[in-house]
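Same order as they appear, the protein sequences are chains A and B. Remember, the working numbering sits 106 above the position in the first sequence when you count from 1. Remember, the working numbering sits 30 above the position in the second sequence when you count from 1.
One or more of the hints may lead you astray.
[To be verified] Computed far set for chain B versus chain A, every beta-carbon distance over 12 Å:
#1 Pro32
#2 Gly59
#3 Ala100
#4 Leu132
#5 Gly150
#6 Met173
#7 Thr193
[As the list claims (entries may be wrong)] Just some of the chain A residues that point at chain B, by a computed CB distance under 10 Å:
#8 Lys156
#9 Tyr187
#10 Leu299
Derived by calculation from the structure, the hints in this document are not laboratory data. Cβ coordinates follow ideal geometry from the N, Cα and C atoms, glycine included.
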Amino acid sequence: MNLQIRIRKPLPHFELSLDVNCPAEAMTVVIGPSGAGKTTLMRIIAGLDKPAEGFMQFGDEVWLDTKLRVFVPPQKRRLAYVFQDYPLFPHLSIHDNAAFAAGAKKDVVQELLERFGIGQLQDRKPDAVSGGERQRCAICQALAREPRLLLLDEPFSALDIFTRRALRDELRNLKEGLGIPVIYVTHDVNEALYLADGLLPIVEGRVDREWMQRSLARVNAAKSERAKAVRDPRLSLAY
Amino acid sequence: MPPTVVGFYLLIVMDPEGWLGGLWKGATGSPILFTFAGIVIASITYSIPFALQPMRAAFEKIDPRLIESARILGLSPPAIFLRVILPNSRNGIAASAILVFLHTLGAFGVILMVGGSVPGQTRVVSVAIYEAVETLQYGSAAMMSLALLPICYIFLLVVHRLTKRSPS
């Protein structure tokens, strides 16, 4: 099922104005500088924020239509949303957090915990594990509820580079088997290129393909710098 | 509000002619004034504001993002209250219960107005101490006061513990 979005929402410094379509069974990466309206877009898709006007349809289900005053609340959308520093429920163990919305499917939860390498931590409380492990648990919690749409808003940005790479790889492997649309927000061009099936560059609330091309050019330029750096030991310290 | 003022209005309401007293008499066949049930109702009315304040503080301390993720995970508002808000404000609720217990232990004016001082029925410790002093029985007043001191101190200690260790 694909997601159609046509929304307008005034923000303090600019207006978020988008008309986009996220295809089914593909990872759309939303990329743009900080403060471009990426998170606002995700919150609108999740149903946590409302646009001033707009229309949103998932498959044949209308989630939002400001003209007809249609608004499906977040708990009825059956999606999952993981963001940076995602708060787990502090009173529940890692296992119970992952199983929070999984219903009776105990083995699915167990399988996910093992897959993300936190099976041995399942009896601990969130404050007794590391940030990376908490974020792994957040992904498990999201997937265990068998969402129809997965929203990931810089889910790995607060983690160290090694954990981030490991989780990114795991996500890329996972993507094929999921069969649902995934929307992934990042400001990292390399990460976007690594994960994306489709790119959606957003700058100041609007789709801006030119910005994407400039960023790509910068990344390519940096690549040759990096190649030079291998030969130049002093510059290599920077990498 | 002065406890005697609360007590006075409760006295009016709980009088067999008053609406609550009349209702109670209709239901049980006996008046509610100067009974144990009467002072329980009076204490609840008198103490509820003191229970709400710490409970509200505990609810407000919960990360609003937790409630948002619970909504996205498909929970209805009552389920969010039961599965997210209540378990994460247990300490605050316990602290509020103890504070109300201590507050009720110290209730004097309200109890005296509504309950009188019927031995074995509505004579509470605070009233009993007062009466002992009035009748110059300093010995028994001292014993009762001394017995209350450690009880109050221990409960205050527990409240302090509960409110200090906030779940992160």
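Against the structure, the hints come out as follows:
Against chain A, the non-interface label of Pro32 (chain B) holds: every CB pair exceeds 12 Å, the least being about 41 Å. Every CB of chain A is more than 12 Å from the CB of Gly59 (chain B) (nearest about 46 Å), matching its label as outside the interface. At roughly 8 Å, the least C-beta separation between Ala100 (chain B) and chain A is not larger than 12 Å, which violates its mark as non-interface. The Cβ of Leu132 (chain B) sits about 26 Å from the closest Cβ of chain A, beyond the 12 Å cut-off, so the non-interface label holds.
Its beta-carbon lying about 44 Å from the closest one in chain A, Gly150 (chain B) satisfies the requirement of being farther than 12 Å from that chain. Met173 (chain B), annotated as away from the interface, keeps every beta carbon of chain A farther than 12 Å; the closest lies near 43 Å. Residue placement check: Thr193 (chain B) keeps its beta carbon more than 12 Å from all beta carbons of chain A (closest about 16 Å). The restraint placing Lys156 (chain A) at the interface with chain B is violated, with a minimum CB-CB distance near 14 Å, outside the 10 Å limit.
Of the supplied interface hints, the one on Tyr187 (chain A) holds, with its beta-carbon coming within about 5 Å of a beta-carbon of chain B, less than 10 Å. Look at Leu299 (chain A): its Cβ only gets to about 28 Å from chain B, farther than 10 Å, so that hint breaks.
Consistency note: the structure conflicts with the earlier hints numbered 3, 8, 10.
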